[in-house]
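Enquirer: Fit the two chains together into the complex; they arrive one by one in their own frames, and the hints show the way.
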Amino acid sequence: MPSRWPWQAAKSSSESRARPPRLPRIFTVARFEIVNSNDATPVFFSIWGIFMIRYLYGDQLGTCRKLSQSMFRDRANQFAKRLNWQVTVDADGFERDTYDQQNPLYVIWQQPDGSHGGSMRFLPTTGPVMVNDHFQHLTDGVTIGSPLIWECTRFCISPTAPTPLVAARLMLAGATLGRRFHLAHAVGVFDTRMIRVYKTLGWAPDILGSAGSGRDAISVGLWDFKAAPFDTLCAKAKVAPDAPEHWYQQSFAPANKERQPA
Amino acid sequence: MQNRIITFIERLQQVTTLDQLQALVVGLSGLYQIEHFVYHSVNSAGEPYAALTYSVDWVDHYLDRDFGRIDPVVLGCYQRFHPVDWKQLDWSGKAAKSFMFEASDAGVGNQGYSIPIRGPNGQFALFTANHTCSDDDWVKFTDEHVQDLILIAHYLNQKALEIERGTDKLAYQNLSPRELDALTLIGMGKSRGHAAESLSISEHTLRVYIESARFKLGAANTTHAVALAMASGKIIV
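Heads up: the sequence lines are chains A and B, in that order. Heads up, the first sequence stops at 262 in our numbering, and the numbers go up one at a time, no gaps. Heads up, the second sequence stops at 237 in our numbering, and the numbers go up one at a time, no gaps.
Bound-form chain B, shown alone (with noise of 0.2 Å):
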């Protein structure tokens, strides 16, 4: 189960450009065995992108029709920074209704989950998983890999940035002297207890620290972190 974010990680770095970001997101149908991915960005000018798995009719489609205004996915979704299963969106209404038998025409599936997440500069993105499953195996699989879409969708949208802008990484990513050191404690085998003994911090803030040095490493987990801090010189152990 890790081993996927981290296939998934190891394949984001090799992106250079957004071909290859659409080509990651196909891969990830095959990484999670979900049916749809989808990736979508506006920035602040309002220039839409997206890497999906959607069939290209589907997608000409939508936009076409420009669906954006009445898909209950994007108006759930926006400005909203929590992540949303599709269940919980208002699909009553009859225009909401006639999209979903398109879309389910289109082979969307009948279970999504999306992801929204605020990028800088009001620049907004949405990623979603979407397949067609029993409403338990939804629940089962968003419960154990939630954690996952979440990271997913915000490496992606990193990712995404800095092909655009090519400026994005930098200020988000130094990590602060106590975060490589909590991150070389751990790097040298010592448990969270002793490491977090030696910063003189309780076990939490180590956590939150290290937490903090996962992300801005775009790292699966600690050991992960560990690992990408060394590989660049951050840190030596």
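Next comes chain A alone, as it looks inside the complex (with noise of 0.2 Å):
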């Protein structure tokens, strides 16, 4: 046999990946708070990037519900009270669409607590996505659609996160994606003054068009996955650079998967 199988792979290489070692929680709360008072070294962050951003398909929400409810409420917050956009906020205070019924892939900042911190949505665009089946006005008539693309929707912060920090997490894990996961390109529909926050975070979309205007205005947008600059964005992310791939590590790879806290 030259090889190993899959399930005896797995625990050599997670050997070899170095893993930063399991501390009892005490510590890692402990090291949290340390990190909340912007006196932390990288290889905190290192360790701390492990817990926060979370990769999670809409089946695996209800595995963790403190984070799945806080992000719909501030989804309502950000996108129905304060954009004033035309969505749909339920009884229980969530806003939903029917493409978080297609099972999308969330990445998710959590914040220590296990809340929502920031959070956005992708879907291929081989199938129904929102830049083709609402914004053909604004992508000349083109219907967008390849393995290759993503679309990315519904960009949302907590009001409670700091916002820079946790947009460039969020593009970080974005990047992470793209170039994991082989693809050429994401499309996103956003709130058009947010191109500001991806200038300043050095991976800005091109506008593929825009409508309204002043605080009502909608762009789509592309991002070209190749162009994506991790060092900057691990830099305004304020974590170490092996931190995407743990993140990634965490949440596709389960034979590594560490216990969640909270």
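Hints listed in this document are in silico derivations from the structure and should not be mistaken for laboratory results. Note that beta-carbon positions come from the ideal geometry of N, C-alpha and C, so glycine has one too. Incorrect hints may have been included.
Covered stretches of chain B, as calculated for chain A (at least 3 residues, CB under 8 Å) [what the hints assert, rightly or not]:
hint, stretch
1, 38 to 51
2, 71 to 81
3, 137 to 150
4, 176 to 182
List of simulated lysine to aspartate or glutamate pairs, EDC-like, C-alpha gap at most 16 Å [what the hints assert, rightly or not]:
hint, chain 1, residue 1, chain 2, residue 2
5, A, Lys81, A, Asp231
6, A, Lys226, B, Asp143
7, A, Lys226, B, Glu164
8, B, Lys190, B, Glu203
What the simulated footprint calls covered on chain A by chain B, stretch by stretch (three residues with Cβ under 8 Å from a Cβ of chain B suffice, anywhere in the stretch; the number is not a length) [what the hints assert, rightly or not]:
hint, stretch
9, 145 to 152
10, 182 to 195
Expert: Structure below.
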């Protein structure tokens, strides 16, 4: 037999990946506090990062109720209340649409207390997506469809989270997703004023089109995954360069999954 | 490398029956020098279909024992849309391990890479490349060929749906005037920069329009997309 089976390989590869040692919960809590006091060295950030970005499909949200409920509430706050978009908020105060029912992939920044800090939602453009269903007037009538292009929508940041930091972490997590899944582009629908934030992070989208004006303006933009500035994003996100890989492994390689806090 | 996927697409275009689709999948093994390829689909009515290179005995045994319920590949890919290396899957359970031993005895290789596909109306398909080699060699192969595999997966699925229902092609393959303009300009030999300028769009946007058109046309790359669009009379250069 020239090589091992995956379940044998999984064990050795997790050893060689030089993961930070598992710490008793008391220590991890202590480290969160150090990080929150803005005093942390990169090594703490690396450990912190493992817990913080989570990639979850819709059908996995049930396992983290606090996280998902606070995400849908923060979305209601951002898109219905603050931006006044025509979105549906249900009796529980959750903003959800038909795309949430398509079992999308959520990229979520989890706060140390287990609640939502920021998030975005991905769906492949080979299926129903917002940009094709509702915004074709902004894409010159082109139906964007390719397994190498995913749509990113509902970029949302919790009012209790530090916006620039969370935005940087989400963008970094998105860039990682593109790199690991060999995608070419992301196409997104977002609040036009976000362009400034994306520019500051060094990864601005190309704008396909915009509608509305002022606080009502909505844009459709494109991100080229090849152009993702990983180093800049890591610096702005204040995480070690290996953090994105940890986030990815934690979510997509369950053999290495650690218990999540809270 | 690029020729392989064009060869595949040329063969795919000749396919009109499920038997031919099976032969096409068998042919992929030779094309990519990979031991096994598996295309497996479950439509919204729950009817399965497969075109694959595994032995008939293994397939019968798999179905007989209803291994789909414990197969980590199926469990890890169902309801998902990101490509999955088998090393990422959870093989730790007792049932999964014993399943793996049986698969190994039946000639299934130790390395696998699977691409889940969400089709229309709840249709689900899975395309897998399987091989026996070292981890390093497998990483080298997948890094180099993932985008090919993703395209092959979707084109195979498109063809399977087309054969089954004969309807899935139409809505998807309509190219918008902008996409046709982009292909025409590229076909005329204009650079991407010039083509983008003529259309008053950025080069990124042009790339996305071309990527969309490429996928709708079932092409391997931009040049191939232009050739296919010309051949089918969609554009005139």
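Enquirer: Please go over all the hints and tell whether each is borne out by the structure.
Expert: Hints versus structure:
1. 38 to 51: violated (count 0)
2. 71 to 81: holds (count 3)
3. 137 to 150: Contact hint for the stretch 137 to 150 of chain B vs chain A: holds, 3 residues under 8 Å.
4. 176 to 182: Since three or more residues must qualify, the claim that chain A covers the stretch 176 to 182 of chain B holds, with 4 doing so at under 8 Å.
5. A:Lys81 to A:Asp231: Given pair Lys81 of chain A, Asp231 of chain A is violated - Cα atoms ~35 Å apart, limit 16 Å.
6. A:Lys226 to B:Asp143: Distance of about 15 Å is within 16 Å: holds.
7. A:Lys226 to B:Glu164: At roughly 37 Å apart (the allowed maximum being 16 Å), Glu164 of chain B and Lys226 of chain A break the hint.
8. B:Lys190 to B:Glu203: holds, 12 Å
9. 145 to 152: n = 5 at 8 Å, threshold three: holds.
10. 182 to 195: Our answer is that it holds, as 4 residues pass the Cβ test (under 8 Å) against chain B, meeting three.
In this structure, the earlier hints numbered 1, 5, 7 are contradicted, and the remaining ones agree with it.
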